[in-house]
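Engineer: Below, each chain spelled out in residue letters.
There are 4 protein chains.
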Amino acid sequence: MTLSRRLTAEALGTAILLAVVVGSGIMAERLSGGNVAVALLANTIATGAGLVALILMFGTISGAHFNPAVTLSEAWQRNVPAAEVLPYIVVQIIGAFAGVAAAHGMFGEPLFFASEHVRSGPAQWWSEFVATFGLIGVIIGCSRSRPSITPFAVAAYITAAYWFTSSTSFANPAVTLARAASNTFAGIRPVDAPGFIVAQLAGMAAATTLFCWLYPAPPADATVGGTVAPGDFADSLEKP
Amino acid sequence: MTLSRRLTAEALGTAILLAVVVGSGIMAERLSGGNVAVALLANTIATGAGLVALILMFGTISGAHFNPAVTLSEAWQRNVPAAEVLPYIVVQIIGAFAGVAAAHGMFGEPLFFASEHVRSGPAQWWSEFVATFGLIGVIIGCSRSRPSITPFAVAAYITAAYWFTSSTSFANPAVTLARAASNTFAGIRPVDAPGFIVAQLAGMAAATTLFCWLYPAPPADATVGGTVAPGDFADSLEKP
Amino acid sequence: MTLSRRLTAEALGTAILLAVVVGSGIMAERLSGGNVAVALLANTIATGAGLVALILMFGTISGAHFNPAVTLSEAWQRNVPAAEVLPYIVVQIIGAFAGVAAAHGMFGEPLFFASEHVRSGPAQWWSEFVATFGLIGVIIGCSRSRPSITPFAVAAYITAAYWFTSSTSFANPAVTLARAASNTFAGIRPVDAPGFIVAQLAGMAAATTLFCWLYPAPPADATVGGTVAPGDFADSLEKP
Amino acid sequence: MTLSRRLTAEALGTAILLAVVVGSGIMAERLSGGNVAVALLANTIATGAGLVALILMFGTISGAHFNPAVTLSEAWQRNVPAAEVLPYIVVQIIGAFAGVAAAHGMFGEPLFFASEHVRSGPAQWWSEFVATFGLIGVIIGCSRSRPSITPFAVAAYITAAYWFTSSTSFANPAVTLARAASNTFAGIRPVDAPGFIVAQLAGMAAATTLFCWLYPAPPADATVGGTVAPGDFADSLEKP
Numbered sequence: 000m001t002l003s004r005r006l007t008a009e010a011l012g013t014a015i016l017l018a019v020v021v022g023s024g025i026m027a028e029r030l031s032g033g034n035v036a037v038a039l040l041a042n043t044i045a046t047g048a049g050l051v052a053l054i055l056m057f058g059t060i061s062g063a064h065f066n067p068a069v070t071l072s073e074a075w076q077r078n079v080p081a082a083e084v085l086p087y088i089v090v091q092i093i094g095a096f097a098g099v100a101a102a103h104g105m106f107g108e109p110l111f112f113a114s115e116h117v118r119s120g121p122a123q124w125w126s127e128f129v130a131t132f133g134l135i136g137v138i139i140g141c142s143r144s145r146p147s148i149t150p151f152a153v154a155a156y157i158t159a160a161y162w163f164t165s166s167t168s169f170a171n172p173a174v175t176l177a178r179a180a181s182n183t184f185a186g187i188r189p190v191d192a193p194g195f196i197v198a199q200l201a202g203m204a205a206a207t208t209l210f211c212w213l214y215p216a217p218p219a220d221a222t223v224g225g226t227v228a229p230g231d232f233a234d235s236l237e238k239p
Numbered sequence: 000m001t002l003s004r005r006l007t008a009e010a011l012g013t014a015i016l017l018a019v020v021v022g023s024g025i026m027a028e029r030l031s032g033g034n035v036a037v038a039l040l041a042n043t044i045a046t047g048a049g050l051v052a053l054i055l056m057f058g059t060i061s062g063a064h065f066n067p068a069v070t071l072s073e074a075w076q077r078n079v080p081a082a083e084v085l086p087y088i089v090v091q092i093i094g095a096f097a098g099v100a101a102a103h104g105m106f107g108e109p110l111f112f113a114s115e116h117v118r119s120g121p122a123q124w125w126s127e128f129v130a131t132f133g134l135i136g137v138i139i140g141c142s143r144s145r146p147s148i149t150p151f152a153v154a155a156y157i158t159a160a161y162w163f164t165s166s167t168s169f170a171n172p173a174v175t176l177a178r179a180a181s182n183t184f185a186g187i188r189p190v191d192a193p194g195f196i197v198a199q200l201a202g203m204a205a206a207t208t209l210f211c212w213l214y215p216a217p218p219a220d221a222t223v224g225g226t227v228a229p230g231d232f233a234d235s236l237e238k239p
Numbered sequence: 000m001t002l003s004r005r006l007t008a009e010a011l012g013t014a015i016l017l018a019v020v021v022g023s024g025i026m027a028e029r030l031s032g033g034n035v036a037v038a039l040l041a042n043t044i045a046t047g048a049g050l051v052a053l054i055l056m057f058g059t060i061s062g063a064h065f066n067p068a069v070t071l072s073e074a075w076q077r078n079v080p081a082a083e084v085l086p087y088i089v090v091q092i093i094g095a096f097a098g099v100a101a102a103h104g105m106f107g108e109p110l111f112f113a114s115e116h117v118r119s120g121p122a123q124w125w126s127e128f129v130a131t132f133g134l135i136g137v138i139i140g141c142s143r144s145r146p147s148i149t150p151f152a153v154a155a156y157i158t159a160a161y162w163f164t165s166s167t168s169f170a171n172p173a174v175t176l177a178r179a180a181s182n183t184f185a186g187i188r189p190v191d192a193p194g195f196i197v198a199q200l201a202g203m204a205a206a207t208t209l210f211c212w213l214y215p216a217p218p219a220d221a222t223v224g225g226t227v228a229p230g231d232f233a234d235s236l237e238k239p
Numbered sequence: 000m001t002l003s004r005r006l007t008a009e010a011l012g013t014a015i016l017l018a019v020v021v022g023s024g025i026m027a028e029r030l031s032g033g034n035v036a037v038a039l040l041a042n043t044i045a046t047g048a049g050l051v052a053l054i055l056m057f058g059t060i061s062g063a064h065f066n067p068a069v070t071l072s073e074a075w076q077r078n079v080p081a082a083e084v085l086p087y088i089v090v091q092i093i094g095a096f097a098g099v100a101a102a103h104g105m106f107g108e109p110l111f112f113a114s115e116h117v118r119s120g121p122a123q124w125w126s127e128f129v130a131t132f133g134l135i136g137v138i139i140g141c142s143r144s145r146p147s148i149t150p151f152a153v154a155a156y157i158t159a160a161y162w163f164t165s166s167t168s169f170a171n172p173a174v175t176l177a178r179a180a181s182n183t184f185a186g187i188r189p190v191d192a193p194g195f196i197v198a199q200l201a202g203m204a205a206a207t208t209l210f211c212w213l214y215p216a217p218p219a220d221a222t223v224g225g226t227v228a229p230g231d232f233a234d235s236l237e238k239p
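Residue numbers (numbering that gives the first Met the number 0), protein chains in the order written: chain A, 0 to 239; chain B, 0 to 239; chain C, 0 to 239; chain D, 0 to 239.
Careful, some of the hints might be misleading.
Covered by chain B, per the in silico footprint, the following chain A stretches (three or more residues, Cβ under 8 Å) [said to hold, decoys possible]: (1) 31 to 39; (2) 42 to 56; (3) 99 to 107.
Hint data in this document are derived by calculation from the structure and do not stem from the laboratory.
Don't be surprised by glycine CBs; every beta carbon is placed ideally from N, CA and C.
Please model the entire structure based on the sequences and the hints provided.
Structural biologist: Structural data, given as structure tokens:
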């Protein structure tokens, strides 16, 4: 795949992901009549299902990272060339903000407005560390043992992580930045974003270190001439 | 597959799809005691699960479009002969109305009665554009890279789209027309249907253009003598 | 597989299925505080998930019918020898009642007590016709085109059918009889059972006729020497 | 895989499993405003989805038992060497307590505090017997017929079992011990733990006996030189 196609896929995929997260949060909060558990359940199911579709539809093009932490971890493992890390991250962030604006447009909200949702403190930072640690672990573990199933494993993991962390598991620096521009159910105060991102990167580093020991890298020739693109952790079910 | 079998599959599949959407909406509204979030959650889960079953059971016959926007996009990509577009769309619409009547019969409602549910305005039209854009993107992306998984990707996408769009994602002109004949949870005023359909077709055109660039068409001989029927975006898991 | 193993699988599978349906209904009603939509949603998710597990764990032994209507349809298609129809149905019914008793034991209820839940009238009979028609259609369609995926398609279909029919989709004569012995959420008055069963058998007959035309039978040698047992509509993903 | 990697996988996997179960229980109870059905539904969906991810990410390393009852059943079937049973169980228990502490840290609770949640009596013991019987049955049935699908079958089974048993289906001695150290939604009084564990082991023994008869063991050479590790009941989809 050409780099232009891959960057388009990352931008578009991250945009739709944010549209799903923020849009379903708005819908859920409006309809739930104040029952936050029901609202978060709807937000969770929409996000998990959306991730299945998005990773399946974009995975074979760009690897379907949609997440700077994933791109950094893949580059660390030499699955993504160092020269492509910055372009990947830039388009992910641009896509994320575009997706927030798209969602706001669908619900008649301003394109961007800073969140007032407080998300801070050690419990939430620890939550983001754990959430990102687990996400990177799922990706490394599955992509090194059964890559065709990774899209389902990632979506299932995030579905669980919305509930087992007190932060509802952002686990993604681009998502964190863009959600700071949405004063809705899914928002986070801009001032709280850096703490989340630091915790996410620490969780990414810990998971990459541990899981690369746990799953030794496949032999180099496993991808030579193969059909798996670099960084593709969402390979198709029907390919060997 | 003969054309008669394929048209039967499209009519029957679209009928059951509408029975699922409208019937589960009626059940959800009756039981939910006014909690619209719970009602929409039940409607969503029923629709997503129903789509999995329907695309799997009819996909290898007709491609399991159940949707004029999908048929038009497939014809644009020359996966469906031009001469079959009109028959496909006609039986989809007939099936859709039959499904609404079947659902009404299951809940003791009149066979048809015009909806009074207002669904209009730029936010909802933009929602339908986005919803259909994403649906066509999922279908093109998956059918060109891992077709056996498309049924799950489409169902997951619609599950998410019920929540991340303010229109609850009709994304289907035949469904839109038929839901205008149901004054229930899933209905739409007849006068609002044209706006939805225009937005859906625009989203279809944008997605077909973009995703055909993103995913270059497979080589022509990929389907020569193969087991994949034209327009089949729901190929089976066990076929290579 | 020997007949004794197959009958054990049918009895045990049907027993666990009834334990899931009745047990989750009791739990859901007790916890839901009168919100029937939430109770039915929990009942639905438990049943759908339970069916996935049960068909996967017993499918390669007995075909995982758990349902006299399925056994009759399979015998009609000559996938089950005529001599085995009665034994299959007898153990399904015995298993169904054992499962109801097991569930009652788990919740401290009497082993059996007749239901007072009224389920009758044309709308509900039409619902049972439609529900069983669709179930048999899913089974024939998937087992003739992509058998490894049938367990998921059947479970997804039932998940939808709990909501899009006014009867909550029994679609199974053995289940209907056994639920008459449970005066709980999932029950049905004994006097209402015959109407349901007649509608189910009519739906089965209509679907078997239509779908056998829609999907011509595979050539006879497709199963000669193969790994697919007669009546196995739940073949494994990893087998070709 | 080396034993150190396998024990790390068991410890880490069990830890994340407990973090999911306990953490999502805390979140669900806090948000649900007293509606226990909604809380248990969220707890269920998080646990089921988490299990999918965990078994997929660790299955090819250690078999993804996370459960002394599973390890004992696998050793009984000679899939795990006798000398490894104790190390497996020890790290499972250590991991389970670590996961509870991790969850408590994410929600600002004490690291450990004894549960006051009464779970006792014949109905709940019978529930734990049935729950573990079914779990072991799912694992043996799927791992002997279609191992690549086992992760989904196990997760689906537990999703159902949260609802169809009055105990919410612990079905795991390590999980039972660790949940005794959490005075939250998912807790169990320490004094009630032994009764649960006895019932679980009885259910394990009954299921191992019955299902080993139902599914004759595969021929010895089926794993000689193959890609399936001993005890691996979560083999990948893409492997033959």
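Engineer: Now, for every hint given, state plainly whether the structure supports it.
Structural biologist: A quick look at each hint next to the structure:
Counting residues of the segment 31 to 39 of chain A whose CB lies closer than 8 Å to any CB of chain B gives 5, so the stated coverage by that chain holds, three being the minimum. With 10 residues having a Cβ less than 8 Å from any Cβ of chain B, the segment 42 to 56 of chain A passes the three-residue criterion, so the hint holds. Here the segment 99 to 107 of chain A counts 6 residues with a CB under 8 Å from a CB of chain B, which clears the bar of 3, and the coverage holds.
Violation of the numbered hints given earlier is absent; every hint is satisfied by the structure.
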